[in-house]
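Visitor: Below, each chain spelled out in residue letters.
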Amino acid sequence: MENIVHGVFLFLGLITVAFVLLITVYLIIAGMPAIGELGLFNFLFGKSWGPTYAVPEFGILPFILSSVYGTAGALLLGVPVGFFTAVYLAKLAPPKVKALVGAAVSLLAGIPSVVYGLVGMLVLVPAIRSIFNVPDGASLLAAIIVLSVMVLPSIINVSMTALEAVPKEYEDASLSLGASPIETYMRVTVPAAKSGIATAVVLGVGRALGEAMAVMMVSGNAPNMPSLFESVRFLTTAVASEMSYSSGLHRQALFSIALVLFLFIMLINAALNFILKHRKEG
Amino acid sequence: MSEIIKVKDLCLWYGSSQALKNISMDIPERSITAFIGPSGCGKSTFLKTLNRMNDLIPDVKITGEVKYDGRNIYGPGVDVNDLRREIGMVFQKPNPFPMSVYDNVAYGPRTHGIRSKAKLDEIVEKSLKNAAIWDELKDRLKKSALGLSGGQQQRLCIARSIAVKPEVVLLDEPTSALDPISTAKIEELIDELKREFTIVIVTHNMQQAARCADVTAFFYLGNLIEVGQTMQMFSTPNDRRTQDYITGRFG
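Residue numbers (the working numbering), protein chains in the order written: chain X, 57 to 338; chain H, 2 to 252.
You can take every hint at face value.
20 Å max Cα-Cα, derived DMTMM-like pairs, lysine to aspartate or glutamate:
#1 Lys-250/X x Asp-104/H
#2 Lys-250/X x Glu-239/X
#3 Lys-166/H x Asp-228/X
The set of hints was computed from the structure by calculation and includes no laboratory data.
Between the sequences and the hints, there should be enough to build the whole structure, so can you do that?
Guide: And the structure:
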């Protein structure tokens, strides 16, 4: 009996592994031909994407850079806000405020990305157009702002958990040396929680890098090299927006883009594992 | 001997339950005062009122006064951070920060604005020497403090607390988590420290109080039953309950 139960659990556990393997293998098989045909360097570093041109062009550097800049920008805005919110909630907020803000953060995490995109499209894009006086508000900036809000819940929740797990004894020691509570949190609690906070940031990177729907709705979706007020296309949106009508080499190239995105996400996961491993040893 | 801390009619409540009842006592300067009594008698709570560490617990109410250097530390306009710099504390469980040995000791001085490397080096060395742990640690100042033994960690914590040059050091059962050899080292150290600092130690170990303390105070159920010279307390206690406790009839 025990063995059967054990076997069932093992089988269910292996389903996940099987899907990861399946996706990896499929992406590699589907993504390699186009890269082989176009050349890795031309594919990754080509500055022009035009699969329907008379002489088709398949350079995805604009997508890679848009994804990288978009993610970096979102973190530049989201990490400070999320970090200080987490410190406030974990250490300073009165219980009622903490409950209220905590509920809001959970709700933020549960909002579907298409809703972020919709609000971004209807509010943010026109606002950017009028504030910065540009012809179209659908831009890298709009994507950065929407993503910065979308990464907040994971940054806040994970950092908060890490900060709350710091033993109170450390804080007592600091206070008893005459350090103020704020000094104590910034110089003792935060450093003691740094691997957890790093994990939060890495999760935020994964969230921003992987988001397609909201980005597609606010970024204008033109394959330009990234610039703050230009319409841009991310790796995710490049796959999503053309998959329905592509064929032949064009379709294979989209699979290759997915493969590149997949490698980015793998890299993020490796970074996460590295941090978690160090936390155990440290 | 002059008194550095004078406590008058101190009461403390956790919510609606009273943990300290009208405590009045004086703490003599540059000597060792021990608080003894059975678990839950209020001795640790009382210790923490002396540098306002109880402020951190929600729902605590305190009445009466604690005069340090002639000034009521619960009065208006008292800077709690300054107070805690002058009245430091060492805790029951050794709690070095997850940093290097050096950074642990330098933490307090840095907090109080000392940036010069030479000055910090000097303070770290002096504090570790005063805590009788310099020889053991001088070659591993850059190593994590978490790798030290429990006894070393506790002596490091003592070094850390004296690095900010306090007047008074409060020790809350500092040896209860340590083995007998480490305990002996700490007791020896405390005896040295009283030349420079006023020491107040909470202990559940009566022999420790008898060995170390100049003055001993016996607490029971939130009351201060008796306070006096240690020799006299242990040989001819005035109160029946004190006698019962020190002869091991309860506790």
